[in-house]
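Chemist: Read off the chains here:
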Amino acid sequence: MIPRLKFITLISAFSLVATPSLAQGIDESINQLFANLTGPFVSFIFSPFPGTDFPWIVMWLVVAASVFTLYFGFIQFRAFMHSISLVKGDYSDPDDAGEVSHFQALATALSGTVGLGNIAGVAVAVSIGGPGATFWMILAGLLGMASKFTECTLGVKFRNEYADGTVSGGPMYYITKGFDARGLPAGKILAVLFAIFCILGALGGGNMFQANQAHQQITNVFGDYPGVYTGIIFAVIVFAVIVGGVKSIASVTEKVVPFMGVLYVGVAFIILLMNFDKIGWAFGQIFAGAFTGLGIAGGMVGALIQGFKRAAFSNEAGVGSAAIAHSAVKTKEPITEGFVSLLEPFIDTVVICTMTALVIIITGQLISDPQTGLYLLNEGGSTIQTVDGNTGVALTSAAFSSAFGWFKYVLAIAVILFAFSTMISWSYYGLKAWTFLFGEGKGKELVFKIIFCIFVVIGAAASLGPVIDFSDAAIFAMAVVNITALYFLMPIVKEELRSYTSRLKSGEIKKFN
Amino acid sequence: MSDIYLVGYDGSDAANRALDFAISNSKNSGAPIILTHVLEWSPYKFLTPMELEERHKRRREELQRADEVIIQPVLTRLKEAGIEASAVVRYGHIAELIAAIAEETHASQIFIGRDGENGLSARVFGSVAGTLVQIAPVPCTIVP
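Protein chains in written order, with my numbering: chain A, 450 to 962; chain B, 182 to 325.
Derived from the structure by calculation, the hints contain no laboratory data. Take these hints with a grain of salt, some might be off.
[What the hints assert, rightly or not] Straight-line distance between alpha carbons at most 20 Å, and here's what the computed EDC-like set of lysine to aspartate or glutamate pairs gives: (1) A:K781 with A:E610; (2) A:K779 with B:E235; (3) A:K537 with B:E221; (4) B:K226 with A:E894; (5) B:K226 with A:D539; (6) A:K779 with B:E243; (7) B:K208 with B:D184; (8) A:K704 with B:E221; (9) B:K238 with B:D248; (10) A:K959 with B:E285; (11) B:K238 with B:E221.
[To be verified] Distance windows between CB atoms, simulated: (12) A:L712 with B:P325: 40 to 46 Å; (13) B:N197 with A:K959: 55 to 61 Å; (14) A:F526 with B:T322: 49 to 55 Å; (15) A:G733 with B:E221: 48 to 54 Å; (16) B:S267 with A:G693: 42 to 48 Å; (17) A:E889 with B:N197: 39 to 45 Å.
Every residue, glycine too, gets a C-beta built ideally from N, C-alpha and C.
With these hints in hand, go ahead and build the complete structure from the sequences.
Modeler: Shown next as structure tokens:
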């Protein structure tokens, strides 16, 4: 039944967009409609403080990450080695073999966060904010580790363990149960609000942005064609996985993505080595740009805003999505998952995003005036001029291709895989939020899944601007609710930390290796 | 109580041959038999978020199935044959765990079946019997 339905839908869709001009027109109308609908929401989230250009949401994220860093005494640095030890399984009871390991929770959460944000998002940040954005991005990544630590600890502590053995966790649950535990009102309302934004985030950053940039890289390599075609193909495959339960696609993606991640970082590293004489200069640009802007629109603040935005979007620290994945781990100590999760922003932002930024800078993609050393802006004055006028994933592709011409094909494959793995993860997060709001049930779940697949098409068809704006806005809206809750619940995490640390010191917590 | 036989068992024909051989040896020596069934698992295997949510439930189901379908019938058969028998079911790397269980239970000998698979594929991908022979702490009897 389902395969036949899919076939009919596919044929109808194709016949509808069979003519190129019709498809182009559809692309544009989708784009326009989407931009109009999401405009007010985006404007609100990114509205600046009166009299400045500084969006309040960036301040919100940075302050939160700093507060958690200080409140937990720079836990991301103190506990780093212990986190690695936990992931290796040094503290895992052999009797727990067969359950979800720390490594698996980390890998699954990472496959959701490592996506086009690391490849394309960084390119956007660097082209608007200049090399200096890299510095702020790394800083945001380091600070964000504390936010991840807080939310993932709570995710495990307040998860629902059902009689049939399944586990459900995440901000919806820890907000409701945590607020109850602390005797605070409005837990349910906040949880509902979070769930709504989570659905929007799943449709935006976890879906549209991925499809959009994947299509862009494909056109980059194979030539331009309307995005709606890519969207339909992707939507069909995503549908096959999340509705049809075709596990093989998901399994292959999960296995190949880490390999592609390592390959990507490896190639980036080689490019840096090939240009090792310029590494000093590149870092010089990063530091100079971080504090002066080096001619970009908005100067230092512009660089800071772009760096923080990209880091938050990429590593999702404070957003709460990773807590959903991490909540399934088998452990008696919720704080251990907090420790493990703080490696995520490090791997995602401090390693992978930085690699992307360094390659773009070091291969000279950004055009600067040789005399003043300042970067030249494009006609609109909003972004830096790039070689060939590339933006987004095309910029990253050009950067890598300048060293290895064949890499753009590898990048196309990597981009498609990263996009898929992120989409599959976020369809799950969005589904959890959906069922939290509307209840479990095959029919209700199918409604969300179909909506998700429709947005794949919209994402591929729309142009980058409205898509990235909406994606950012939705994810950041999640962070507003989640971080509010974290402020109220962080004493619970502090107590867990205190208790665990003392038991670790006393030897009560056993090392098995 | 000198000899203890550890039999690596997964319900396959090869495993049954190994078990039969262990039983006939046990009838002579009076050694108790410990049946061990290892479910292939790695803490580094990548899972999707849905698999993560269901893992605990699946594990319970897998253990139950292993017990009902694989272990219990054999234990019954061993008891009827008058042999002292017990079972260990664990998750992990098959060869490494059998070796580890042999140490824990102070087994004097391991019995394991050989699949008779193509020599080349066993050489390239490894076989449980082949690996076990290299790492076991006690004598191994590979039953073809």
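Chemist: If you draw a straight line from the CA of K226 (chain B) to the CA of D539 (chain A), is it 20 Å or shorter?
Modeler: At roughly 17 Å apart (the allowed maximum being 20 Å), D539 (chain A) and K226 (chain B) satisfy the hint.
Chemist: Has the hinted range 39 to 45 Å been met by the Cβ atoms of E889 (chain A) and N197 (chain B)?
Modeler: At roughly 43 Å between Cβ atoms, N197 (chain B) and E889 (chain A) fall inside 39 to 45 Å, so the hint holds.
Chemist: Does the alpha-carbon distance linking K781 (chain A) and E610 (chain A) stay inside the 20 Å limit?
Modeler: Given that 20 Å is the threshold and the Cα spacing comes to 13 Å, the pair holds.
Chemist: Can the suggested window of 55 to 61 Å be confirmed for the beta-carbon pair N197 (chain B) and K959 (chain A)?
Modeler: 38 Å, violated
Chemist: Mind checking the alpha carbons of K779 (chain A) and E243 (chain B) for me, to see if they're no more than 20 Å apart?
Modeler: 17 Å, holds
Chemist: Do G733 (chain A) and E221 (chain B) keep their Cβ atoms within the hinted range of 48 to 54 Å?
Modeler: 52 Å, holds
Chemist: Is K537 (chain A) within 20 Å of E221 (chain B), Cα to Cα?
Modeler: Distance ~19 Å between K537 (chain A) and E221 (chain B) Cα, so the pair holds.
Chemist: Are the Cα positions of K208 (chain B) and D184 (chain B) separated by 20 Å at most?
Modeler: 12 Å, holds
Chemist: Between S267 (chain B) and G693 (chain A), does the beta-carbon spacing fit 42 to 48 Å?
Modeler: 44 Å, holds
Chemist: K238 (chain B) and D248 (chain B): Cα distance at most 20 Å?
Modeler: Cα-Cα ~16 Å, so holds.
Chemist: Run the distance test for K779 (chain A) versus E235 (chain B): straight-line Cα separation, threshold 20 Å.
Modeler: Status holds; Cα separation ~12 Å.
Chemist: Quick one, are K226 (chain B) and E894 (chain A) close enough, alpha carbons at most 20 Å?
Modeler: 27 Å, violated
Violated hints, listed in ascending order, are 4, 13; each of the other numbered hints is respected by the structure.
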